[in-house]
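For the protein sequence lines, the chains are Z and P, in the order given.
Anchor point for the first sequence: position 569 equals 569 in the numbering used here, and the numbering is continuous, going up by one each time.
Anchor point for the second sequence: position 628 equals 628 in the numbering used here, and the numbering is continuous, going up by one each time.
Simulated from the structure, these hints should not be mistaken for lab results.
Keep in mind the model is a prediction, meaning the values are calculated, not measured.
Careful: at least some of the hints might be erroneous.
Unchecked claim - Here are some chain P residues pointing at chain Z (derived, C-beta under 10 Å):
#, residue
1, Phe48
2, Ile51
3, Thr52
4, Val211
5, Gly445
6, Asp580
7, Arg592
8, Ala595
Claimed, not checked - Chain P residues, not near chain Z, derived (Cβ > 12 Å throughout):
#, residue
9, Ala57
10, Ala96
11, His126
12, Lys270
13, Gln551
Unchecked claim - With beta-carbon atoms standing in for the labels, derived distance ranges:
#, chain 1, residue 1, chain 2, residue 2, range
14, Z, Asp465, P, Met46, 51 to 61 Å
15, P, Leu617, Z, Asp465, 38 to 48 Å
16, P, Ser473, Z, Ala138, 24 to 34 Å
17, P, Ile149, Z, Asp581, 12 to 22 Å
18, Z, Asp465, P, Thr424, 53 to 63 Å
19, Z, Gly409, P, Thr333, 55 to 65 Å
20, Z, Gly146, P, Asp222, 14 to 24 Å
Beta carbons: idealized from backbone N, C-alpha and C, even for Gly.
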Amino acid sequence: MSAPPAEAWRGVAAEQQEDEITGKLGTLLRRRSRRLLTDLLGPYRRLVLAIFLLIVAAQLAALAGPWLVGVGIDQIPQLTRTRNAGPMALIIIAFAVSVLVQAAATRSYIAGIGRLGGRVVLELRRRLFAHFQRLPIAFHESYTSGRVISRQVSDIDSISDMFDESLASLVSAVLSLLLVGGGMLLLDWHLALVVMAGFPPLIWLSIWFRRESAIAYRQTRTRIAQVIVQFVETFGGIRAVQSFRRESRNEDIFGELNQANADANLRSQRLLAVYFPGVTLVGNLAIGAVLLYGGLRVIDHQMQVGVLVTFLLYLQRFFEPLIDLSQFYSAFQSAAAALEKISGVLDETPSVPEPELPTSLPEAGGPAARGRQVRFDHVRFGYRDSTVLPDLNLTIPAGQTIALVGATGAGKTTIARLLARIYDPLQGSVLLDGVDVRQLADRSLRHEVVLITQENFLFSGSIADNIELGMPGASRSEIIAAAAAIGADAFISALPDGYDAQVGKSGGRLSAGQRQLISFARAFLAAPAVLVLDEATSLLDIPSERLVQDALRTILTGRTAMIIAHRLSTVAIADRVLVLDHGRIIEDGSPEQLLSAAGEYSSLHASWQESLA
Amino acid sequence: MPPTAASSPQHAQDQLTAPVQAPARAQTPAQALWRLREYMRPYYLMLFLMITAAILAVSSEIAIPLITKSVIDSVVVKGIRAELLPLSLAAIALGAIQAGLNFFRRWSISSAVVGVEKTIRDDLYHHLQRLEPAFHDSWQSGQLLSRAINDLSTIRRFAGFGVVFFITNIWTFLLIVALLIRMNWWLGLITGLVFLPVLVLCLRFEKRYRVLSRLAQDQQGDLATYVEEAAAGIRVLKSLGRRDEAAARHFAQAKLVYRTQVNKARLRGKFWAGLDMVPNAVIGLLLLLGTLAVSRHELSLGGLVAFVTLTLLLVWPIEAMGFIIATGQEAATAAQRIYEIFDTAPEIVGSAAAGDGAGHDRPGLSAGRWRSSRTAAIHRNSRPASQPDSPNAPASSGPPARPSRTAPAATTRGAGWLTFDQVTYRYPGAPSPVLRGVSLELSPGETVALVGATGSGKTTLLQLVPRLADVTSGRITLDGTDVRDLPLPELRRRVACAFEDPILFSASVRENVAFGVQHATEDAIRAALDAAQADFVADLPWGLDTRIGEQGMALSGGQRQRVALARAILARPQVLLLDDPLSALDVHTEARVTAALADVLTTSTALVVAHRPSTVLLADRVALLADGVVAAVGRHSELLATQPRYRHLMSAGDLGNPGDDGRAAPGLRTGASR
């Protein structure tokens with residue numbers, strides 16, 4: 001009856017649950033993350049040690065400054081009396097040395113951390129990317145590309161950010177607290193204890209802030225992400241938005257999300273508004289207390305005035321590292337959570353593993369007969385609890401083109417995927433010229449078998465780059481020849497930049513048919529022995545399909561091919577047709593034979609003919 | 001890394017992404033920043049209070065070292081014990097006041113800056129929703145987003161932090177230097193002067209660091225793009241076995257990012273070291289010269305201590321100044337980028353809006369004129385017969401093809417009578433028009449299939465009806481009224497479309513279907529989904545509440561098309577525009593949808609882009625679009641028989657047979673199509 005309540009529009013999705021879980025376990029480095037970190041840092045043990053020593057040196061030098069000022073001030077009365085500038089000169093030289101040491105050490109440790117972090121992140125990026133490439137399609141299907149991307153982009157970024165800015169501050173903050181605190185205790189432990197009295201309230205305040213800001217931080221992140229999604233989708237789909245007069249509803253939704261984001265921002269800023277002045281307050285109170293108690297001790301000659309000055313100088317920055325600690329804790333936390341997620345991915349083992357000792361295939365029959373024999377030997381396969389292929393036996397002689405026909409769910413795509421080794425059979429084996437595909441190195445298998453689906457993804461770059469992917473290092477003339485063989489040369493040459501025309505993001509201005517032709521050219525250039533086409537032409541319009549079919553006749557000569565198509569026009573170029581039903585082959589023969597046999601195929605063909613009228 | 005080399009990719013990118021529309025008014029960044037005050041106006045009083053509080057807070061902070069000076073001079077050196085307690089208490093009180101004022105400043109400014117950011121972003125969204133699709137096409141995808149998110153955060157940071165501290169830091173500097181000069185004029189003067197180079201150092205660092213950061217961002221962006229592509233194209237990479245090549249390319253890009261990161265760290269190290277060194281060096285100098293001053297009795301011992309502490313208080317404001325100025329520059333550029341959008345006026349506005357029609361050359365429409373233009377359309381419909389490339393154009397493409405029920409205007413007005421009259425359309429920047437005078441008439445309730453080669457402008461023609469773009473010349477009328485004379489909401493209520501590439505949003509199925517109809521009932525939604533054969537929705541984990549789209553359940557192309565189709569059906573439009581709505585469906589589903597659609601289509605006038613004979617069968621008539629005009633109109637079988645070009649596009653019968661003239665396909669020669 002009424003518009004759906006505003007908060008219900010978003011609907012329910014599975015990822016929400018995952019996000020909540022990872023949010024909870026972010027705090028601690030688990031064993032596998034620790035193992036990964038040790039492994040990554042291993043080669044840089046010396047650098048890590050050097051950085052640590054440099055930070056200690058920088059902090060000690062920083063500690064020396066105020067102390068030397070205090071000592072210097074104590075020298076002044078004596079200096080006025082004796083007119084001996086020697087001790088004072090020494091103090092000033094020592095001060096200058098401490099300043100230089102601090103500067104040099106600071107400069108080196110920051111650059112060192114940058115290099116260390118850069119190396120670690122680079123290695124992590126390399127491993128992660130390679131691992132994602134190695135994991136099978138089945139993994140990618142359940143893991144979704146969005147998560148693959150966020151592992152490699154935002155998770156790596158939070159680790160990189162920690163090395164970039166936070167780690168140096170974090171380490172030097174801890175050291176500064178320890179060293180300055182220790183220095184104070186050495187100079188005058190009575191006064192130091194007065195200063196230390198500031199710690200309990202400050203630590204309590206910091207823990208409160210850390211906890212609250214972690215929640216607030218997560219909230220701002222999710223809220224701004226929601227704003228971004230709404231924004232991007234609105235303007236990505238502006239045609240739908242405008243033609244369906246969605247503007248006002250969108251404004252309500254966006255206003256709500258934007259308000260929620262503003263509220264989250266307000267909350268986190270107000271946390272800062274309490275925390276920062278709180279730290280200032282404790283620091284100022286400590287200065288007052290040091291003045292009072294330190295003044296008394298100086299009057300009573302229990303302490304020199306220089307020490308009081310040193311304390312006052314130390315206090316200027318003493319409590320600030322706590323701010324760094326509590327601020328960077330969240331950065332540390334998100335980096336730890338990111339590392340946990342990444343190590344989880346790296347622990348994932350491919351379900352379609354590469355052989356340890358790959359077998360190589362015998363030489364193919366030369367350029368005229370590139371094909372190889374394909375054999376399914378008692379193959380059983382199913383997804384979870386349903387069996388798709390109970391027991392498939394099929395031999396395709398080298399050079400033969402077969403077509404798989406049958407209703408949705410008959411197992412056509414599964415057969416194609418087993419041949420391309422996207423899955424491995426549960427029982428039985430898929431053999432290429434008598435060699436089990438599981439015994440082949442991934443590289444040589446992919447060289448022999450290429451699967452083309454209706455998903456015709458093009459990478460950004462030129463059209464030539466995309467075709468070249470079929471055979472890295474191919475010359476321009478080879479690329480053009482491949483495109484010409486497939487019938488794509490005409491439209492590519494007609495583009496303003498020809499083969500150098502840039503393919504826009506996700507295919508840009510090319511039509512689905514044109515994109516598919518380019519992916520055909522790519523596969524043609526790869527020159528596989530076995531070509532598997534799974535619904536590869538179903539998105540093409542008729543003239544394009546006609547082009548592709550002509551091209552296929554040329555390409556498939558001498559190759560083994562498996563074609564799956566709903567539209568029977570594609571089937572006509574096959575030497576042999578297999579009709580599948582529930583994973584079993586129910587008809588097998590040449591198109592002509594099956595047409596005259598008055599079976600399943602001939603009735604399918606009849607209804608297809610009818611649809612053309 | 002030389003800054004020029006580093007900044008050049010950025011420039012190149014800026015030029016690439018520059019919008020087609022020039023901003024209505026050129027303005028400098030500073031002017032744009034100044035314009036932003038319109039958003040600050042509600043917060044003027046608060047801003048004034050905040051700055052006052054900030055000035056008082058730094059003043060009390062500065063007063064504390066003066067108390068320290070008194071403690072040392074009178075209590076410690078002269079031994080006046082009685083003054084210690086009141087002086088310490090005063091220091092504590094000042095410290096508390098400073099903290100209190102800081103709290104007030106931060107607390108009150110937070111609502112102001114958050115409010116400003118939200119208001120500008122709401123306004124930006126509102127404005128962008130009203131700009132035509134061509135505007136959005138001309139911007140690279142991330143550009144608008146970065147304005148709405150990054151630029152606004154930059155402005156927020158400047159408003160919340162920069163403005164206040166710009167004022168207070170100048171105040172702090174002047175106050176401290178004045179105090180120092182009062183205590184000892186030459187020492188104070190030297191201290192003040194020594195700090196000036198720090199400001200220069202900070203400004204230079206900020207500048208160089210910004211160049212490097214931008215370079216790093218660009219490189220990270222490129223790397224992220226490649227990661228995204230490798231994830232989306234994983235099937236291609238795996239099926240071709242291009243794992244190693246992809247990894248090598250990824251590593252090469254990651255290495256660029258690494259190098260820039262290391263360069264950044266080096267620069268940061270140098271800067272931090274310099275920042276630490278300068279104030280320390282000043283203190284060392286003070287120690288040297290101060291001792292001299294104290295020994296000559298030009299400065300008290302407490303005065304020297306106060307000198308050192310006050311000097312330390314100078315460090316942060318000076319250091320921050322470089323940052324503040326940089327933030328200010330960034331905020332000004334951000335403001336300029338945002339006003340660039342605000343200053344772009346929508347080109348497609350409804351008739352109710354004033355000032356519309358400036359560039360349109362079209363006569364006012366009366367019933368009489370409408371009638372005459374219709375005749376013209378009919379006349380032109382028959383024109384293709386005389387064109388040399390289709391000598392056998394059938395007589396049926398002319399008037400006889402029009403169903404006779406379209407004749408009485410009185411009964412059909414307001415019922416979805418759609419005519420295209422000499423419609424021409426040229427894409428902005430394209431050398432020649434894609435549509436060169438399309439004339440076509442659809443009577444109420446009629447379904448016409450639009451057939452044409454790839455790139456012939458079918459989709460473009462459809463988009464002109466709901467005014468997602470406006471005709472370059474000619475006109476489209478709905479029930480006799482030029483669509484440009486209808487209020488936009490009314491036009492778009494009467495017209496609905498389903499696109500070839502279905503646009504789904506990250507929201508529930510319910511929300512996606514009831515996209516334009518806010519008060520749709522549950523039954524209506526289910527009925528629309530049934531009509532589109534989207535029965536898979538029932539099997540989704542949360543049924544109609546399941547989130548779909550990018551952030552939700554992944555649907556197949558066919559499923560997405562059916563949801564988009566249900567959306568168009570639910571809108572119950574007078575005119576339904578379907579852009580190849582079944583292209584991603586398998587034959588069985590396609591047959592079911594076609595059957596169901598046939599029922600729906602009886603109530604609406606429909607223009608359906610078709611690539612397949614099966615889709616064409618939905619239509620009463622077929623229009624062949626070629627060379628930018630409607631080359632022929634007629635029934636499917638008629639066109640098959642008489643139009644070779646139509647046969648080429650639609651006849652799959654010859655597909656299996658070798659030796660046809662496929663390579664001559666004209667459709668594939670025309671390259672860039674929308």
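Please check whether P:Ala595 passes as an interface residue: C-beta within 10 Å of a C-beta belonging to chain Z.
Status violated, d = 12 Å.
Taking the closest pair, is the beta carbon of P:Lys270 still more than 12 Å from chain Z?
violated, 6 Å
Given a hinted range of 38 to 48 Å, is it respected by the beta-carbon distance of P:Leu617 and Z:Asp465?
About 41 Å separates the Cβ atoms of P:Leu617 and Z:Asp465, which means 38 to 48 Å holds.
With chain Z as the partner, please determine if P:Arg592 meets the hint condition of a C-beta pair closer than 10 Å.
Violated. Min distance 12 Å.
Should the hint that Z:Asp465 and P:Thr424 are 53 to 63 Å apart at their CB atoms be regarded as holding?
With Cβ atoms ~36 Å apart, the hint is violated.
Do the Cβ positions of Z:Gly409 and P:Thr333 conform to the proposed distance bound of 55 to 65 Å?
holds, 57 Å
Compute the least Cβ-Cβ separation between P:Gln551 and chain Z, then decide whether it is above 12 Å.
violated, 6 Å
Classify the label on P:Ala96 as holds or violated, using whether its beta-carbon is more than 12 Å from each beta-carbon of chain Z.
Per Cβ check, P:Ala96 is inside 12 Å of chain Z; nearest 6 Å; violated.
Double-check P:Thr52 for me: the hint is only fine if its C-beta lies closer than 10 Å to a C-beta in chain Z.
Cβ of P:Thr52 sits 16 Å from chain Z, so the hint is violated.
Holds or violated: P:Val211 as interface residue toward chain Z, Cβ cutoff 10 Å?
violated, 17 Å
Is the claim that P:His126 lies outside the interface with chain Z correct, judged by CB distances over 12 Å?
Check fails; 6 Å does not lie beyond 12 Å.
With 10 Å as the cut and Cβ atoms as the points, is P:Gly445 at the interface with chain Z?
Hint violated; P:Gly445 Cβ to chain Z Cβ min 21 Å, cut 10 Å.
Checked against the numbered hints given earlier, the structure breaks hints 1, 2, 3, 4, 5, 7, 8, 9, 10, 11, 12, 13, 16, 17, 18 and satisfies all the rest.
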